[in-house]
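Okay, here's what each chain looks like letter by letter:
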Amino acid sequence: VSDGWKGPLKQIDECRWDIPVGYKAGMRTSGRIYATADMIPEIVADKALEQVANVACLPGIVGRSMAMPDIHLGYGFAIGGVAAFDTQDGIISPGGVGYDINCGMRLLRTNLTLADVGPHLTALMDDLYESVPAGLGSEGPIKVSRSDLATVLVRGAAWAVEQEYGWPEDLGRLEEHGALAGADPKDVSSEAVKRGLRQLGTLGSGNHFVEVQVIEDIWDEKLARAFGLAKDQVVIMLHSGSRGFGHQVCTDYLARMDPGAKGKGGASGGPGGGLPGGRLVLPDRQLACAPLGSEAGRSYFAAMAGAANYAWANRTCLSHWVRAAFARRFGCTARQLEMDVVYDVAHNMAKFERHMLTGKGGETREVTLCVHRKGATRALAAGHPEIVEAYRASGQPVLIPGNMGTHSYVLVGTEQALAETFGSTCHGAGRRLSRSAAKRLVRGSELKRELGLRGIEIRSGSEAGLAEEAPAAYKDVDQVVGAAEKAGLSRRVARMRPLGVLKG
Amino acid sequence: MKRRAASGGVRAFDHTADLGLAVSGETLEDLFVWAALGLTRVSLKGRRPGAAGWPPRASRPDGEAPGASPRTVESVPVSIPPRPDPEALLVAWLNHLIYLLETEGLVAVGGDLAINEATLDADSPAAVPGGGWPTPTGAGWTLSGSLKTFRIPPQEVRTGIKAATYHGLKISRRQGLFRARIILDI
Chain A
1 VSDGWKGPLK QIDECRWDIP VGYKAGMRTS GRIYATADMI PEIVADKALE
51 QVANVACLPG IVGRSMAMPD IHLGYGFAIG GVAAFDTQDG IISPGGVGYD
101 INCGMRLLRT NLTLADVGPH LTALMDDLYE SVPAGLGSEG PIKVSRSDLA
151 TVLVRGAAWA VEQEYGWPED LGRLEEHGAL AGADPKDVSS EAVKRGLRQL
201 GTLGSGNHFV EVQVIEDIWD EKLARAFGLA KDQVVIMLHS GSRGFGHQVC
251 TDYLARMDPG AKGKGGASGG PGGGLPGGRL VLPDRQLACA PLGSEAGRSY
301 FAAMAGAANY AWANRTCLSH WVRAAFARRF GCTARQLEMD VVYDVAHNMA
351 KFERHMLTGK GGETREVTLC VHRKGATRAL AAGHPEIVEA YRASGQPVLI
401 PGNMGTHSYV LVGTEQALAE TFGSTCHGAG RRLSRSAAKR LVRGSELKRE
451 LGLRGIEIRS GSEAGLAEEA PAAYKDVDQV VGAAEKAGLS RRVARMRPLG
501 VLKG
Chain B
1 MKRRAASGGV RAFDHTADLG LAVSGETLED LFVWAALGLT RVSLKGRRPG
51 AAGWPPRASR PDGEAPGASP RTVESVPVSI PPRPDPEALL VAWLNHLIYL
101 LETEGLVAVG GDLAINEATL DADSPAAVPG GGWPTPTGAG WTLSGSLKTF
151 RIPPQEVRTG IKAATYHGLK ISRRQGLFRA RIILDI
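Line by line, the protein sequences are chains A and B. So the first sequence is numbered by my numbering: it starts at 1 and just counts up by one. So the second sequence is numbered by my numbering: it starts at 1 and just counts up by one.
Next up, chain A with everything else stripped away, as it sits in the complex (with noise of 0.2 Å):
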């Protein structure tokens, strides 16, 4: 902790921590955390706060520059963080969304329970491990054509469906219907291309999974219901985004809105960017941006909503091989093991948003934000026009992953949080150790050894990469989804615990 951030940092509940305006020049905004008292030590560790204090530097940031409570160090936005900007004379920033542009959670549902798996669950694993193309350098059966791909970056999912890799009724179930609108292929590089032909359908490596899971407690059984949930039932959940395609668009236009050493040049003043008044300074190289008006910030939105399409036809593949793995061990098919999607949302992504915003004299005005979260997921409440018509009257679902030797939760978007936080929410547990420290702890044999013994059966192409993944290396998951809760962020519906892992 000796060397970790020495800023101020002023309490101001239970839950809520401010960064005050004045800390450092060129602050517009104050910051503010979210986590309890039992949580600060460990985020002040890393410096992360730094980068919460940088995005309130940013030109046309609205409301506070935020951090949900499972923060640790980023590039150039802390993972957690959260901020929106003014259309007129704001910005967007390829490191408020991150490489790995809608990185994202999925989570199918089964008649299933574990009494029905239980005895299959060997045998379940295997098939998975041998249909989800995992792992690092994977590619899929699917190839695609560059026309093909440019249909996918505009139409998302729809395109995987159309190829009968999901079902129709899929499309109602996912975050924008799987297909965020303002995707344009010709603000995509040849090399982002080149990345995407060959990696569609495959999971990925890292910290990417997919997940038999069965719900342990249920906190509102009304909601469960109408998320299609109950106690007992086995579910499936997914973790991937937009692959190599993804973090070519992040590498790209980080490189076209590159201000240069001492901010000359660049987006951030450069030439697509060109704010007006002359050049910006950024604490940060890598929160090179451009303002949301120009070319620059025009043409990044039109890649990076074409890499979000890509990630939910990457997550509606992925979706494929789970269903056929499950109906070939159950000798049925998928739709009669009523293998639907529950959701499917993003917590990499910057959209426009429109939020209420009240002013200094208490009145209150709809305005269009571009709200940017950086491992984050958006947590809307029930009745918002912008929630799938499935779960308008509900609630929009938060998917929070854990880590193989955890929980994983379904929670439900507050009013709340659209007041606060611009309807967003923690992503997931937040990483603690390095990958080598994680490895320094555990071998990947004795770690899958040791979740055997607990009934967790592991499947991973890397030993050194399961170890990378270790429990340990994360955060409690319990407390983060519980400092969100506290804080009034999301609520929680549903848990899962883990019955198979497949690591990528």
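Worth flagging that the hints you see were computed from the coordinates, not collected in a lab. There may be inaccurate statements among the hints.
Stated by the list, open to error - Lysine-lysine pairs mimicking DSS-like chemistry, simulated, CA-CA at most 27 Å apart:
id : chain 1 : residue 1 : chain 2 : residue 2
1  : A       : K194      : A       : K143
2  : B       : K170      : A       : K10
3  : A       : K10       : A       : K24
4  : B       : K170      : A       : K47
5  : A       : K47       : A       : K24
6  : A       : K24       : B       : K170
Being a predicted model, the structure only gives us computed values, none of them experimental.
Add chain B to chain A, keeping to what the hints say.
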């Protein structure tokens, strides 16, 4: 007897969720070659720093595969269009290598590079790979040359690297060596 200064090298270090490369070289070109070799080292499955013959010296024309049977060295022409400073050029260089590994299965084992600071005609903006957009100032740092590579199968890749970042990146010159610490997002 006067001891000869170290001629540069690369080592990996821990960084929160990710990892970094501490790189040095007698010239900027050496630094960039060592950075490429460092990327190869962290990318490859089971290859350890200090293993016999690894990393191959930057100057070696036909570096051998680390700990593996000899493989064919492929020479690949490389060029990075103008970037505003050497740091941006290093980020672009490593990101280009990440792209080559993911799309062609190529890893760097040596190279012969030339780095220059170019002054460009403002009317003829240079292209950035895939982007076609002009450089911020119409001038910048360029890289060109040839990269010695091996083609490796996907199952030999140990660490998937999303990108090289600008996080805390600065190229400095101390004790006769150019030095940089660069963080990789993995």
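Evaluated hints:
Of the supplied pair hints, the one linking K194 (chain A) and K143 (chain A) holds, its CA atoms being roughly 11 Å apart against a limit of 27 Å. This hinted pair does not check out: K170 (chain B) and K10 (chain A) have alpha carbons roughly 33 Å apart, beyond 27 Å. Distance hint between K10 (chain A) and K24 (chain A) is fulfilled; the C-alpha atoms sit about 15 Å from each other, no more than 27 Å. Taking the CA atoms of K170 (chain B) and K47 (chain A), the gap is about 19 Å. The hint holds against a cut of 27 Å.
With a CA separation close to 14 Å, the supplied pair K47 (chain A) and K24 (chain A) stays within the 27 Å bound. Among the hinted pairs, K24 (chain A) with K170 (chain B) is consistent with the structure: their alpha-carbon atoms are about 22 Å apart, no more than 27 Å.
Violation of the numbered hints given earlier is confined to hint 2; every other hint is satisfied by the structure.
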